[in-house]
Each structure stands twice: as structure tokens, then as C-alpha cells.
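Use these hints to put chain X with the ligands onto chain L, whose structure you have.
What follows is each chain in one-letter form.
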Amino acid sequence: MASIDIRNVRKNFGIVSVLHGVDLSIENGEFVVLVGPSGCGKSTLLRMIAGLEEVTEGEIRIDGMRVNERAPKDRDIAMVFQSYALYPHMNVAENMSYGLRIRKAAREKITAAVSNAARKLELQPLLARRPKALSGGQRQRVAMGRAIVRQPKAFLFDEPLSNLDARLREQMRAEIKKLHRDLGATSIYVTHDQIEAMTLADRIVAMHEGVVQQVGSPLQLYDRPANLFVAGFIGSPAMNFLSARYEVGAGTAGARLPDGTLIGLSSGYQLEEGAAVTLGIRPEHVEMSPGSESSLRATVDLIEPTGFGIILHLGLHGLPFNVFTLERAALTAGPTVTVAFPPQHLHLFDETGMRALESSLQKGKG
Amino acid sequence: MNNYSTFGTALHRLAILCYVLFALFPLFWLLKVSVTPNDLLYSEGVRMWPSRMSFEHFRFVLAHSAFPVFFRNSMIVAGATAVIVTLLASLSGYALSRFTFRGKYWLVALMLLTQMFPLVMLVAPIFKMLSPLGLTNSLTGLVVVYTAFNIPFATFLMQSFFDGIPKELEEAAKIDGATQFMAFRQIVLPLTLPGIAATLGFVFTAAWSELLFALMLISGNSAATFPVGLLTFVSKFSVDFGQMMAAGVLALIPACLFFLFIQRYLVQGLTAGAVKG
Ligand SMILES: Nc1ncnc2c1ncn2[C@@H]1O[C@H](COP(=O)(O)OP(=O)(O)OP(=O)(O)O)[C@@H](O)[C@H]1O
Ligand SMILES: [Mg+2]
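Each protein sequence line maps, in turn, to chains L and X. FYI, my numbering numbers position 297 of the first sequence as 297, with every residue one higher than the one before it. FYI, my numbering numbers position 257 of the second sequence as 257, with every residue one higher than the one before it.
If you're looking for bench data, these hints aren't it; they were derived computationally from the structure. There's no promise every hint is true.
What follows is a list of derived Cβ distance ranges for each label pair [said to hold, decoys possible]: (1) Val108/X <-> Gly14/L: 15 to 23 Å; (2) Leu107/X <-> Arg70/L: 25 to 33 Å; (3) Arg185/X <-> Arg70/L: 16 to 24 Å; (4) Leu112/X <-> Thr56/L: 32 to 40 Å; (5) Pro320/L <-> Met182/X: 49 to 57 Å; (6) Val108/X <-> Arg107/L: 43 to 51 Å; (7) Leu88/X <-> Arg107/L: 31 to 39 Å; (8) Arg107/L <-> Phe181/X: 21 to 29 Å; (9) Gly39/L <-> Met182/X: 28 to 36 Å.
Please read all numbers here as calculations on a predicted model, not as lab measurements. Just so you know, even glycine gets a beta-carbon here, dropped at the ideal spot from N, CA and C.
Chain L extracted, bound-state conformation:
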């Protein structure tokens, strides 16, 4: 078990700069998930923590000790690769015990550790098999087993489930969560999968183009995204965005859409009157009740039933706009529908794309 501190870490590959100063403190026993679009530097950061890539600038500390110059073998961490990277010429038991064997652990200790891990991951019947005789899910489990037998200070996972089919992924996700609950080991987990990120993480780190955009609990990122990037990245289907101008009156604040509709806001913001803003609302928060004051008419382009709910692809003044609803009635929606935006679910972003800060409205005058 260990804490991991990443201080102003930069990474260049030749002249290409991939990470531009990452700061992150991971506490002992915490489960941190790194998310971000492809190529934003998640794997690079993970590999730097593992010691597989050099740190160009900055410092990585494990348990308070600077490890920049330490070889991977001396960092005492384990990593699960997306491709599993099992040793093909060793059987499952040998794969799992390799780390202990080269550290010259006692034989009884190795046997105990392997059988313990095998029991946890239900690998006992497979111990004598070679990796090529295993299914994808079993290989994945062996890779996990290889990581846990050594009882390392921390676990690193680089998209460990992305090669599995959806059902197996769900199952393994639950296993990983259980494993973390049982072992309580510090873990850093890279994924593309929203649900994995939301369900596994104590904290999510959202990255974009080598810069950390927001760090917080899953619900913090969902409820109060710090900027447009996080707002658009977290959540599926993705948040809708509309450009508007900020207006503030006596005791009210609103966002005026280009067509003149005024959308009411629940509170005031620290913004200039008339400032250009982006209004965000999640598809699941849009209401489809007609008649409300600031309602808008939208054309229906496409109806996608998912079984659980329905995704409506709408056109709002020619711009794409999604609504997610549990109402089956939406399946038979006509050529146009009325949508309304509950003020408590609106997100407001300023010109720079940052979340606009709220200010108390002066109610009335005097």
C-alpha cells in the first residue's frame, strides 16, 4: 500500500510534448480512474509511474520517495496491460509466480500466494495451462492474478477490460471492485468506458491533450463539470450545448438564445451582462412537457429505443440536440416536440469554456 504523488510531471517524445505539467496526489488505498480521449497521454502517465518511460521533467513519489530514477523492478508496483502480456511459454501458475520467483521468495510462500490468488480469481482448474489455451476472460484473470500475488504497493491498470465483450466486461468490473474492496490497494486505472470510470472510481481524473482538466468524485464530475471538455466527455449520451448571451434583471438571471428565447437560470453568475456563454444540459434532464414558459420547439430527426429508455435525436434551430427519456410515449413523438430546461439542471460556461461561478442575486431593489 502506498501513496503516489505526481508533481508537475512533463513528458516529451523528442520535440513532441505529450504531458504538460500533471499534478496529482493519490492517497493510500485510493482507486483513481484516468479518463480522456485517445492520445491524451493516459498510458504515458501510467507508464511513467511504472518506470517504463522516463520522466522529462517533474517528480514522481511513491510513499514520499522520489522514484524518477528507479528501475521498474525497484518500484514494487504491478501493472495489468490491455493486451495482458502473459508469458506464452509459462503456464498459468508460472506466469503468476514469475515475479516472486525472480525475487527469490521461499517456495512455500510462492505456492501459498499463487493458490490464494487462484482461489480469489477462480483460476484453480487452469493453473497448468498455457495462455494460448485460455479464453480472453481467463487470460484477463491470469493477468490480474499475476498482479496480486506479489502484493505490490500499487496497481496500475491500462484499459484492462477493453478486449472483452460487454457481458464479461461487466462481470470483471464487479470483480475488480470486489478485489479492491478486499485488498484495499492503491490503484490507478485507465479506461475509455464511462461506466467503468463512474462505478470503480473513488476519484476520476479527466485528462485532455496532456493536461488534467478536473479531479473529483464521479458525481462531482457529473454534477459540476469544471469546463466544457469535462461536461462533454462525462456522461452518455453527451451533454447538449447551446450558445447564448447572459442576461440579468431584477432578481432574475437568464440566457438569451439567438432566436430570442430566454431560458431562465436558477441563480445569478459572476458574469457581465450580455456576456457570451454556453448553456449545457444533459439529455436525461431535458423535459418534454409543453406549455412551460421557456419552452422550445424542436424537430424530431431520429428515435432510438435502447430498451431501458429512448434517445431522441432532435434538431433545435438546425443544431443537433439529444433527449433521453424513460417515457415510452416518446416512441410515437410527432414531427416536432416541445422541450424545456429545468433551471436546476442547467450548466453555464463562460467564453473560455470554464464553468461560470455563481453569485447571489440581489433580490428586488433596496
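Same frame as chain L, now just chain X with the ligands:
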């Protein structure tokens, strides 16, 4: 559909059979001549098998010619060359496959360049270089020359085998606690056995059958290798085909044994299951 595929398979097999027959026929002829008694060699016309078989040529070659010496020399030269080249090519191939270092591009270009010269051009300068060193007319000299000429190709061969082994395997080993060298020894090397076997076999046969340098650098029987030795069966007035072919058949034996020995490492699929996708 089924008919078609049966037909296709049959055609496929037939084509392979034709090719195998074509490839093996010279070997068959070698064997046939080696067991044909001298008096029948020219008198029976073209026959697939002589009416009477005899092993007199073999007996003569083994007992009364210098062939055993040639054979021993060839074994030493080819064996030593194969081992040294494979060892060096494994290390250099690994370096080319895994590391980036200054001058890598030029090193590869230089190695390619050495493969472009006709060997005949190099015989005289190499003789000039080796003779003051006392390496002409010596097996060591041959090993040095063969090693030098085989290393570039063997390096590329080994590099391609290393390229086929996912980098993540080594990274996993390093995280598991291995040093770079341990990862190479315990993870990469066992997976490269097919490549090593192929390289050994390739270099061994190349050195075993090399004639040009052996002919130029060696004079006299004591250090002659077997291809040079074969020429001693050609005298001024006649060629003793029977004995020559018998010697040829004997010379095939080590190459065959060698491939028999390494063939189990040549099987594919040793890395299957390492990584997915
Ligand atoms: N060895 C390398 N040399 C040069 N550039 C590299 C190297 N490794 C990664 N990069 C670049 O660094 C950037 C970040 O790569 P990285 O693999 O960390 O992305 P990622 O966030 O893990 O993406 P993905 O989700 O697709 O796995 C990419 O633009 C990639 O092209
Ligand atoms: Mg990645």
C-alpha cells in the same frame, strides 16, 4: 461447393507433390549414382535404379581417401561459424529491434551495403589481409571469414524474430522485478528459439557448402573442407563420379541430422496467446 473444395485440395496437393519431386530428384540421382558400380555406370543407359547395387564407393571414400579429414574440417568450420554467428546476431538483432541509438540508421545501411558486393571481388583483398596474419590455410581463417559474411543477414533475420515478440512481455517482466538482461534471458530468448534454430540452420548450411573462399584460402588437404575435397575426385583425365557422389551423400548426413534436431524449434505458434489482438 464441397466438390469444388475437394477438387481444389487435390490440385493443391498435386502441385506440392510435383514440387517435392522436382526438388528431391537431384538428391535421388546423387544416391543412385553413388550405389552404381563403376562397370554399370555408363553401360546401362539412363535407368532409375542400377540392376546391381554396391557400396564399394562408400567403402573407398571412407577408407582410402582424405574424405574423413575434409568432413571433420567442415564440421569444425560450419559448427563454429553457426554458433558464433547466431550468438552475435542474437545480441545485435535484439539491439536493433528494441533500442534506439545514435547511428542506428547508418549501421543498418552499412550492413545492407556489405550484402551487395559479389564475393569474387573480395577474394583477393581478403587473402591479402589474412596471409600476414597466418590465417590462410587455417580453419580459424575460414571461420573468421564466414562469420563476417554471415552476420549481417543473420542479424536481420534475428531482428525480425525479435520484432515479432511483443514489447509488453519484457515490460511486464521488468515490472515483475526482472532486469533488462533477465527479461531478455528468461522471456525473450525462450520465445526466440525458432528464430535461433532457423539462424543456426541457415548459417550452418551456408558455411557447410561454401566453396569459393575455401578454395582460395586453403591449399593442401589438411585444412580443406568437404566442398574443396569433392574436387579431388576430379582428376586430370577423368571424374570419378561414383566416389564423388558417395562423398556427397555422406556430406548430406550432418545437414539432415542438424535439421532433424532443430526442426521441433522451427514450429510456429510458440508466441500464441501472449497478447490479444
Ligand atoms: N514512444 C512514443 N514516441 C512518440 N510519441 C509517442 C510515444 N508514445 C506515445 N506517444 C504519443 O503520446 C501521445 C499520448 O499517448 P498515450 O499512449 O499516452 O495516449 P492514451 O491517452 O493512452 O491514448 P489511448 O486512449 O488511445 O490509449 C500520443 O499522441 C502518442 O502519439
Ligand atoms: Mg493508452
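These are the hints, each one checked on the structure:
1. Taken as a hint, the range 15 to 23 Å holds for the pair Val108/X and Gly14/L, whose Cβ atoms sit roughly 20 Å apart.
2. The hint said 25 to 33 Å for the Cβ distance between Leu107/X and Arg70/L, and at roughly 31 Å that hint holds.
3. In this structure, Arg185/X and Arg70/L meet the distance hint of 16 to 24 Å, their C-beta atoms being roughly 22 Å apart.
4. Take Leu112/X and Thr56/L: their Cβ atoms lie about 34 Å apart, and the range 32 to 40 Å holds.
5. With their beta carbons about 55 Å apart, Pro320/L and Met182/X fall inside the hinted range of 49 to 57 Å.
6. The hinted range of 43 to 51 Å is satisfied by Val108/X and Arg107/L, whose Cβ atoms lie roughly 46 Å apart.
7. Our hint of 31 to 39 Å for Leu88/X and Arg107/L holds, since their Cβ atoms are close to 37 Å apart.
8. Roughly 24 Å separates the CB atoms of Arg107/L and Phe181/X, a value that falls within the hinted 21 to 29 Å.
9. Distance hint check: the CB atoms of Gly39/L and Met182/X are about 33 Å apart, consistent with the given range 28 to 36 Å.
Every hint from the earlier list agrees with this structure, and none is contradicted.
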